[in-house]
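Take the given structure of chain A and dock chain B to it, following the hints.
Just so you know, the protein sequences line up as chains A and B, in that order.
Quick note: the first sequence uses the numbering used here, first residue 534, plus one each step.
Quick note: the second sequence uses the numbering used here, first residue 175, plus one each step.
Wrong hints could be hidden among the right ones.
[Said to hold, decoys possible] Listed below are several chain A residues computed to face chain B (Cβ distance under 7 angstroms; list not exhaustive):
no., residue
1, Ile559
2, Gly582
3, His584
4, Arg625
5, Phe739
6, Ile749
7, Glu756
8, Gly757
9, Met758
10, Asp771
11, Gln793
12, Arg804
13, Ala824
Since the hints were derived computationally from the structure, they do not count as laboratory data.
All values reported here derive from a predicted model rather than from experimental measurement.
C-beta atoms are modelled at their ideal positions from N, C-alpha and C, and glycine is treated no differently.
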Amino acid sequence: MNRTLAALTVLVIPAALVGFTSAYTITEHEQVVITRFGQPRGQPIAEPGLHFKVPFADTVHRFDKRWLDWRGDPNQIPTKEKKYIWVDTFGRWRIVDPLRFFQRLRDERNAQSRLDDIIDGETRNAIASFALIEAVRSSNRKFEDDEYFAEIEGAEALEKVTLGRDKLTRQIRDRAAEVVKEFGVELVDVQIRRINYVDEVQLKVFDRMISERRRIAERSRSEGMGRAAEIRGQRERDLKAIRSEAYRKAQEVTGKADAQATRIYAEAFGRDPEFFQFLRTLEAYPKAIDASTSLFLGTNSEFYRYLRTSKRQ
Amino acid sequence: MAWDPRPLGGPERPDPRDVARSVWKHLGPRIRGRLPLLVLGVLVALGALTAYAQVEPDEVGVILRLGRFIGTVEPGPHLRLPFGIDRINKVPVQRQLKAEFGFRTTRAGVQTVYGGDKPELAREALMLTGDLNVAVVEWIVQYKIKEPYQYLFKVKNVESMLRDISEASMRAVVGDHSVNEVLTTGRQRVASESKVLLQGLADRYETGVEIQQVVLQDVNPPDPVKPSFNEVNQAIQEKERAINEAYAELNREIPRARGEAEEALRAAEGYAIERVNRAKGEADRFVRIHEEYRRSPDVTRRRMYLDAVADALQRAKQKVVVDESQKGVTPMLWMDGGKAPATAGATAKTQEHP
Chain A
534 MNRTLAALTV LVIPAALVGF TSAYTITEHE QVVITRFGQP RGQPIAEPGL
584 HFKVPFADTV HRFDKRWLDW RGDPNQIPTK EKKYIWVDTF GRWRIVDPLR
634 FFQRLRDERN AQSRLDDIID GETRNAIASF ALIEAVRSSN RKFEDDEYFA
684 EIEGAEALEK VTLGRDKLTR QIRDRAAEVV KEFGVELVDV QIRRINYVDE
734 VQLKVFDRMI SERRRIAERS RSEGMGRAAE IRGQRERDLK AIRSEAYRKA
784 QEVTGKADAQ ATRIYAEAFG RDPEFFQFLR TLEAYPKAID ASTSLFLGTN
834 SEFYRYLRTS KRQ
Chain B
175 MAWDPRPLGG PERPDPRDVA RSVWKHLGPR IRGRLPLLVL GVLVALGALT
225 AYAQVEPDEV GVILRLGRFI GTVEPGPHLR LPFGIDRINK VPVQRQLKAE
275 FGFRTTRAGV QTVYGGDKPE LAREALMLTG DLNVAVVEWI VQYKIKEPYQ
325 YLFKVKNVES MLRDISEASM RAVVGDHSVN EVLTTGRQRV ASESKVLLQG
375 LADRYETGVE IQQVVLQDVN PPDPVKPSFN EVNQAIQEKE RAINEAYAEL
425 NREIPRARGE AEEALRAAEG YAIERVNRAK GEADRFVRIH EEYRRSPDVT
475 RRRMYLDAVA DALQRAKQKV VVDESQKGVT PMLWMDGGKA PATAGATAKT
525 QEHP
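Here chain A stands alone, though its shape is the one from the complex:
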């Protein structure tokens, strides 16, 4: 019994040891470079699953196969028009040639710092050779603002974008990708995460924004007052029009009536003007003579003459 146990120990333990040191697994997101005594052996392996190597002599170096992120340090960069801004970029890359990557950069941390140098540099170049607007806008889309907002806002930003954010970042990407290729690294994307004004510039921008808003506010107020005056004027005009129109029509109507009346009178009274005068005068007496009237009449008058005489005329 003791002998079998000893045999088991002698055989099984080294066998297990050899087994464990020669087998290794690669997970879905890994790729591997094998070195034998420091010498790279064969092609890198990217196939996930169980793999074997020569025990003790071979070493497994694992690298990520996934998209890796790179985050740049926020960088203070002057644009073409000498505006200082913070530009904060990020990128996406992966190790396409693990062997070369292993030889040149060894590990991800090292790679990150090389990427920092290269992409930050390219970002700086790109930003510095374009106006700020190129990095901010992606198209020449027209703002859908009220016309007077647009008029004020347009003042600075009206200059057309020739490149735009997308093409600008693509340019950074293209140039940096060319450089990092030799590290076995594929750089697929560089994006601007944040752009912000440097503090001093920001204060100036705030001042500008405040004065712009003031202008808009003043303009709005004055437009309000102008429009109100216009409406008041319209009201005044309408009132005068309505009233004078009414007066004119009334005069027309009364005038016509007066004319008609005059014609009627003339036709009738024209038959005997003398009689008309006589009749009208007689009719006027009761109106002209009232309780406060004193009459002096001579006895020569037709009415009183019989007071004096009964003679025929």
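Relative to chain A, chain B alone:
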């Protein structure tokens, strides 16, 4: 305070090696032949334990066999190859995940507390608009994992990558809108455009994530500029008010003036009708009188005259009849309608009006 003395613990502690030896002496003979069995038993127990896995209802299990992806399993109990040959990565595909930008919910629940005053959060929210102004935009992104395989094996640090592309796409969209649009009319469009852009990036980056919603939270001008933005709003209100007041005045007066005009016109028409009717009436009367008059003009004339004078005299208060044959007599005028002083040589007949 003292514990009861332990029944087994004597003043002299037994040497552990002695104890082991005595245990072995007692148990040894019994298990000596069955040691492999015992080892096997332990292995089976371990295997059974590591072969069982449970996937929760909101998850999906991604199975890796020796590192190789062999498939996914739905929620429920599952058996896998033991001893770590099979590994199950659980991915919460049903759960709605959320990322916040520019603020953090510090205490979720009935009341959400926003903590947005840290400088990093402020930087997260601060962005340039297309007219080179600055706006402070807070938003959330809601997403779900739609491709667990991509989510696990295509991107390292998916969460931070998602945050980066969210920020980038929001800024890209805000950078193409004016500050005024971002603050007011364009909010909805900013949210939906940045969702589209973000989904595009998420797909391109193979994150395996489906963006469900991008929701803008507070969107403000930066604090130092805020009062002037409020001033604009106020000014717009003032403008509206001035215009409305002017219209109110107009509406108050114009209809009334129209009514008054109508009134004047109707009155004029009334006057016209009256005037013509009167004229017709009077003319008619005259014609009729005149016709009768023509038959015997003299008599009629005299009669009319006398009637009129009689009537007139009846009305007058004072009548003074002067005999014109008496020369040089001047009738006295009296101011008051009282007694008439008799004037010498004049025959005055005074009649009191009834």
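Verification of the supplied hints:
no.	hint	verdict
1	Ile559	holds (5 angstroms)
2	Gly582	holds (4 angstroms)
3	His584	violated (9 angstroms)
4	Arg625	holds (6 angstroms)
5	Phe739	holds (5 angstroms)
6	Ile749	holds (5 angstroms)
7	Glu756	holds (6 angstroms)
8	Gly757	holds (3 angstroms)
9	Met758	holds (6 angstroms)
10	Asp771	holds (5 angstroms)
11	Gln793	holds (5 angstroms)
12	Arg804	holds (6 angstroms)
13	Ala824	holds (5 angstroms)
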